[in-house]
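Enquirer: Taken in sequence, the protein lines are chains D and Z. If you're matching positions, the first sequence starts at 0 in numbering that gives the first Met the number 0 and goes up one per residue. If you're matching positions, the second sequence starts at 0 in numbering that gives the first Met the number 0 and goes up one per residue.
If you're looking for bench data, these hints aren't it; they were derived computationally from the structure. Certain hints may be false.
Claimed, not checked - The following label-pair restraints were derived from C-beta to C-beta distances:
#1 D:Leu98 x Z:Arg224: 33 to 43 angstroms
#2 Z:Ala184 x D:Asn120: 32 to 42 angstroms
#3 Z:Lys198 x D:Val151: 56 to 66 angstroms
#4 Z:Glu72 x D:Arg159: 56 to 66 angstroms
#5 D:Arg185 x Z:Asp95: 48 to 58 angstroms
#6 D:Thr86 x Z:Gly251: 24 to 34 angstroms
#7 D:Met2 x Z:Pro253: 53 to 63 angstroms
#8 D:Leu80 x Z:Glu72: 31 to 41 angstroms
#9 D:Met2 x Z:Gly397: 31 to 41 angstroms
#10 Z:Glu72 x D:Leu140: 43 to 53 angstroms
#11 D:Met2 x Z:Glu72: 50 to 60 angstroms
Stated by the list, open to error - Derived list of chain Z stretches under chain D, where covered just means 3 residues or more per stretch with a C-beta under 8 angstroms from a C-beta of chain D:
#12 237-251
#13 307-318
#14 331-340
#15 380-392
Stated by the list, open to error - Among chain Z residues calculated to face chain D with C-beta under 10 angstroms, some are:
#16 Asn58
#17 Val60
#18 Thr138
#19 Tyr180
#20 Ser267
Model, not experiment: these values are computed from the prediction. Idealized CB from N, CA, C, for every residue including glycine.
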Amino acid sequence: MNMFLETLIGGLLAGTMYSLVAIGFVLIYKASGVFNYAQGSLLLFGALTFVTLTDQGVPALGAIAVTIALLILTAIAIEKLLLRPLTNRSPMTLFMATLGLSYVVEGVAQGIMGSQVRALNLGIDDLPIFLGDIMISQFDLIAAGVALAIVVVLSLLFNRTRIGIQLRGVADDTRAALSLGIDINRIWQIVWAVAGLVGLVAGLLWGARQGVQFSLSLVVLKALPVLIIGGFTSIPGAIVGGLIVGAGESLAETYIGPYLGGGITPWFAYALALVFLFIRPAGLFGERQIERV
Amino acid sequence: MKRLLVAALLAGTLFSSFTPASAEEVSQYIPLPTYRVGAYASSGELWWAGERDYFRYINEVEGGVEGVKLNYEEFETEWSPDRTVEVYERVKAGKDGSPLAFFFTHGTPATYALLEKAAADKIPLIDPAGGKTETVDGTVFPYAFPLLFSYYSQASTGINYIADKVGGFDKLKGLKIATVYHDSAYGRASQPAVEALAKKYGFENIQIPVADPGNEQSPQWRQIREQKPDWVFLRTWGVSTVVALKTAQRFGFPADHIIGDVWAGSESDAIPAGTAAIGYSALAPYPGGTDFEIHKRLKAEILDKGKSDLRDQKLFGAVNYNIGLVNAALAVEALRTGYKHFGARPLNGEEGRWAFEHLTIDDKRLEEIGFKGLLQQIRITPTDHEGGGAARIQSWDGEKWVLQTDWIKADHELLNPLIKEGAAAYAKENGITPRTPETETN
């Protein structure tokens, strides 16, 4: 029983790390209907910038400030140079644009800052904590706390601020929002910047675990099943989806993996997502699309 | 008289235009499929720097190999086998008058993808410490060269080291040895050898796969904690090594009882793992460090003169840089063998095969080329395309790799029958009649 509980809790906590990545996608999809393939590249860009600055002797707080400033500038540049010229194009066109953007961001980031693996020490040791006989990762526990804090902050942003209300307006009906005089371009800039900041947090946590390097951008692959399960438009959905994927793949690897030759985590998450697609195509918390036919 | 003059002028023109082209201008073409971007760029960037620096040193300081300059050209593949196949197709006919003497695949998946194509085209595939292990048998695979250190040799050398640490082979009986492996052709490649070794020495063989990319390994290391192995053999690659070391620390498995294989033992693996990597050991057919004669020569002639391809010179002597050096040296010495036999001119694939199959680098030659301690003695033959099968062991002290042992040989008596068996099965499946090198003339 202890083994089961430890596997389950470990999986749930690992899942919050996936949720952190997925939240970045949700923010942009919610506000603009764009599936931002470049979210992984932005995550890499943020973490790589931070670690490059600290390697050069910049204090951590200064490095965070500079990185955030760069992410905001990047968001403004993306909106002005990429999204604005493509306004009213099909979702597929916008998706392809973000696909191209991801290659540009990765290439430029590695070109300027190098492709060597960098160690990132956030001062959080990946040591075990014991609750009776059940072992929990201290690092995962803190990551889960960070994910929770982000959800709270984003909820406050969406529900209690003027910008948040405008953002929800744009998400609900872009044309209506435009007719009310909401500056949609500014909203997009803000959303991309916030998604960049969430990506930075995710990048720092994943970077501390596996080193800051190109493969950091591949953690987005973990976010896709999370989004399918939780829904593309819901932040709580991203959290719940992450928990389901994390717990599901951890239990499956431990209890089903040995019968299937092991190493089943990557496809198991997608198989789980497929099941949810059949049962609930919009995801657990996603908005159902109702269209006139 | 006028005709004679014209004829003499024409002859002179022809002579002056052809002679330099054949004797001086035509260099040996060496395409390099590389990955400076993508998931494995952190290894690649240093690897290509090592290869390029050594080729540059040969061209600029030694005037080429037996006078033949090397014309090397990079092609970005992002370690993708399909792109490497595309590169192969583009370059297999050679370039600027030079045929292709061999093709570096720079990756096991690419070697697998090209195995049959290259055999048909008669172009040797060179994949040191990689490739398909059965290709050690040159009678079935005349055009594949997993030089230095096959995956079977990696398993055997690892077990030999463990035996040394526990006080002898008889002490292996009853031990539990777990292999945590990247769930891919590369990761699974050592399994038959470990199985045979377990049978021979009586240890329990536990195999635990990690799916790519391996950035979450709690279930695997929870299994380790449950099964309590005495040693772990880590056959991971890229990010899965870093995460393995960190997760092992979290689950309380000591790093000094983990032995990494060749592709899990570079600075890119150890540095990001931080304290979790201290005491971790790895097989080193390509040891790290700059305490070798070749590094002094390169520093003086290439680095200090600003000609190095290294972006960050602090990484001079990193394991991946040294991999590049060793691989380039193997190519250079094979070409030298070929030029001595066929004459100093660019070689084609069949001549390249002959050159590699007659490559011998003994201690004396290692001293001469400055690779003593960095490269093992090697003797390739038409029946043995590995030619070495040994590695040193290095341990991470928190800042750098420190060599712990001299060269440890694999158990070839045990491995050769396995290799022969695998090669014979491949030959049967593909309708190949194994060649008989002793009857060949060259």
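Enquirer: Please go over all the hints and tell whether each is borne out by the structure.
Expert: Evaluated hints:
no. : hint                                    : verdict
1   : D:Leu98 x Z:Arg224: 33 to 43 angstroms  : holds (41 angstroms)
2   : Z:Ala184 x D:Asn120: 32 to 42 angstroms : holds (35 angstroms)
3   : Z:Lys198 x D:Val151: 56 to 66 angstroms : holds (58 angstroms)
4   : Z:Glu72 x D:Arg159: 56 to 66 angstroms  : holds (60 angstroms)
5   : D:Arg185 x Z:Asp95: 48 to 58 angstroms  : holds (57 angstroms)
6   : D:Thr86 x Z:Gly251: 24 to 34 angstroms  : violated (55 angstroms)
7   : D:Met2 x Z:Pro253: 53 to 63 angstroms   : violated (22 angstroms)
8   : D:Leu80 x Z:Glu72: 31 to 41 angstroms   : holds (35 angstroms)
9   : D:Met2 x Z:Gly397: 31 to 41 angstroms   : holds (33 angstroms)
10  : Z:Glu72 x D:Leu140: 43 to 53 angstroms  : holds (51 angstroms)
11  : D:Met2 x Z:Glu72: 50 to 60 angstroms    : holds (55 angstroms)
12  : 237-251                                 : holds (count 10)
13  : 307-318                                 : holds (count 3)
14  : 331-340                                 : violated (count 0)
15  : 380-392                                 : violated (count 0)
16  : Asn58                                   : violated (26 angstroms)
17  : Val60                                   : violated (28 angstroms)
18  : Thr138                                  : violated (32 angstroms)
19  : Tyr180                                  : holds (9 angstroms)
20  : Ser267                                  : holds (4 angstroms)
Against the hints set out earlier in the document, violations occur for numbers 6, 7, 14, 15, 16, 17, 18.
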